[in-house]
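Please put together the full structure from these sequences, using the hints given.
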Amino acid sequence: MRKIKSVLNPEWIKILNYRTFWILTGLYAVTLILLLFSIQAILDNITLNVNNKSPLPVPDFPVYSFPGVWQNLTYIAGFLKMFPAFLVIILITNEFTFNTLKQQIITGSSRLDFMAGKISLIFLLSVSVALLVGLSGLVAGLIQNPSDYKDIISPKLWFIPAHALELLTFMMFAAFLAFLLKRAGITVIVFLLYSFIIERIVAFRLPDSIGRFLPVEASSNLVPLPNSSLMKLFGVSFSEYTSWQDAGICMAWVVIFTLLIYRILLKRDL
Amino acid sequence: MEEKVLEINSLSKNFGSVKALSGLNLSISKGQVFGLLGPNGSGKTTTLGIVLGAILPVNGSFRWFGQPLSSAALKRIGAILEHPNFYPYLNASDNLRIIARVRNTPENDSERVLKLTGLFDRRKHRFQTYSFGMKQRLAIAAAMLGNPEVLILDEPTNGLDPSGIAEIRELINRIASDGVTIILASHLLDEVQKVCSHVAVLQKGNKLFSGSVDEVLSNTETIVIGAEDVKKLEQAILMYPDYLSHTINNGFIELKTKDLCQPGDVNQFLFSHGIACSHLNMHKKSLESYFLELTGNHSGSK
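Chains A and B supply the protein sequences, listed in that same order. Using the numbering used here, read the first sequence as starting at 1 and increasing by one per residue. Using the numbering used here, read the second sequence as starting at 1001 and increasing by one per residue.
Incorrect hints may appear among the rest.
Going by beta-carbon spacing under 8 Å, a handful of chain B positions derived as facing chain A [what the hints assert, rightly or not]:
id: 1; residue: 1019
id: 2; residue: 1052
id: 3; residue: 1053
id: 4; residue: 1075
id: 5; residue: 1081
id: 6; residue: 1085
id: 7; residue: 1087
id: 8; residue: 1088
id: 9; residue: 1090
id: 10; residue: 1101
id: 11; residue: 1102
id: 12; residue: 1106
The following label-pair restraints were derived from C-beta to C-beta distances [stated by the list, open to error]:
id: 13; chain 1: B; residue 1: 1083; chain 2: A; residue 2: 260; range: 53 to 61 Å
id: 14; chain 1: A; residue 1: 256; chain 2: B; residue 2: 1214; range: 41 to 49 Å
id: 15; chain 1: A; residue 1: 210; chain 2: B; residue 2: 1069; range: 26 to 34 Å
Read the hints as simulated data drawn from the structure, not as lab findings. Glycine included, every Cβ here is placed at the ideal spot set by N, Cα and C.
Below, the structure written as structure tokens:
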């Protein structure tokens, strides 16, 4: 624990007075909270429009009712995970742009310590965001159903740590690309291309049983699409829990990315 | 037996097809002010980058304090490598705090090094607002955090104005007098001559020479003699007992002798041969001309 504190301390000084970091983090937090608290209104609006035209009545979908709120909000929050991944890319490529990685190595930081600092920061970021989502869920749930306490504690609370793992896996992938490519611009482009286009094409070509092993796919599978009453109407049903297999695949990716980053640091001239 | 601080054995490094270092051997002892001298691209920064663990060697080995490189060894060494590398959006204090944390040095030590380098009043200003000279001084301040036993300075006076250069040289001399071993890379001969006790001359990744600066200088003393009849003077000088070699330059004879030159002896000798000197001057050849001779690079000489 003291070791983690000592590697995190320089990282903390680096971001404490870094205005860009706090502006982006603030924007992310505001967007996230806004999205989480307005999703009910958006869905209600859609339901209303559909009901105007549909012969069959579509029932309302109470987003914030316990315990469904945990899955609903972590699923929604997953759409914004690009944001913290960009933060990670900026923080890591900065070290190459400013040549400060080299400075820290010749100053006496080991490559392992340096990597541990960055990964601890990513871990902390994942947990903080997941907790923020959880807190938003609790507040929104209590506002919508002030008397409904009994379902707060539910196995669906596991979606909070699952979301943290989703963010961790995704950010570790971003960190790996940042260490590999060193420049912010190229890293962001490769990261977006891979996450939104390349992996989807590859996953499309592969059977599901193999496609789920791809890193972005695996992180997205942790929180499945919530079953709305509309879906039940169409007879579609998604999983209501995080599968241990998907969690295992993501943890394996976190380990793999860690090892790859360490290898890059060891084998490359700074 | 002198205590060895750094020993380098047949160190080699390629960058693609470019040979940056080929089989470099060096030995630096405690308390030396060691100059690494060479033109740009001669392998100075590569050598320092390797011994500081930033660049991986292709072949060869090196030992710090008799041990292989480790974080613990690096914490006994303060170094600036190439350009000053700091977070531009942080002020000097924060930048130094990061380094202090990595090195486990006490927090209040940054005040000392900031005062030493004249940056204390600007410590709350962001690094990106600094002039190049201030950036360079901050790099030196960072290298001195925690009183390292060895100080590595790569072109420390680069980009400084004359008074800044003088300050840094004085600072180096002061630190050296405290017994700190200093390794100074420079392409400025004058700098090495003024500051260093020992020197290694590098060219294209090869070591051309290494030894003490005095040793280099003792080889390079000449006596410049002028007389009305240069031909007669030349004939006479060939008979001088300590004669080694001579050249004629602008009507003056530059004489090299086997032992230490005594201008008085030369004058007496010439007078006894019926020659009156119109000009007699002992000339300590600068390291610069010696360096240009060694590297065979006569273009650009004064």
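Do the hints match the structure? See the list:
no.	hint	verdict
1	1019	violated (15 Å)
2	1052	holds (4 Å)
3	1053	holds (6 Å)
4	1075	holds (4 Å)
5	1081	holds (6 Å)
6	1085	holds (4 Å)
7	1087	holds (6 Å)
8	1088	holds (7 Å)
9	1090	holds (6 Å)
10	1101	holds (5 Å)
11	1102	holds (5 Å)
12	1106	violated (14 Å)
13	B:1083 to A:260: 53 to 61 Å	violated (29 Å)
14	A:256 to B:1214: 41 to 49 Å	violated (58 Å)
15	A:210 to B:1069: 26 to 34 Å	violated (44 Å)
Violated hints, in rising order: 1, 12, 13, 14, 15; the structure is consistent with all others.
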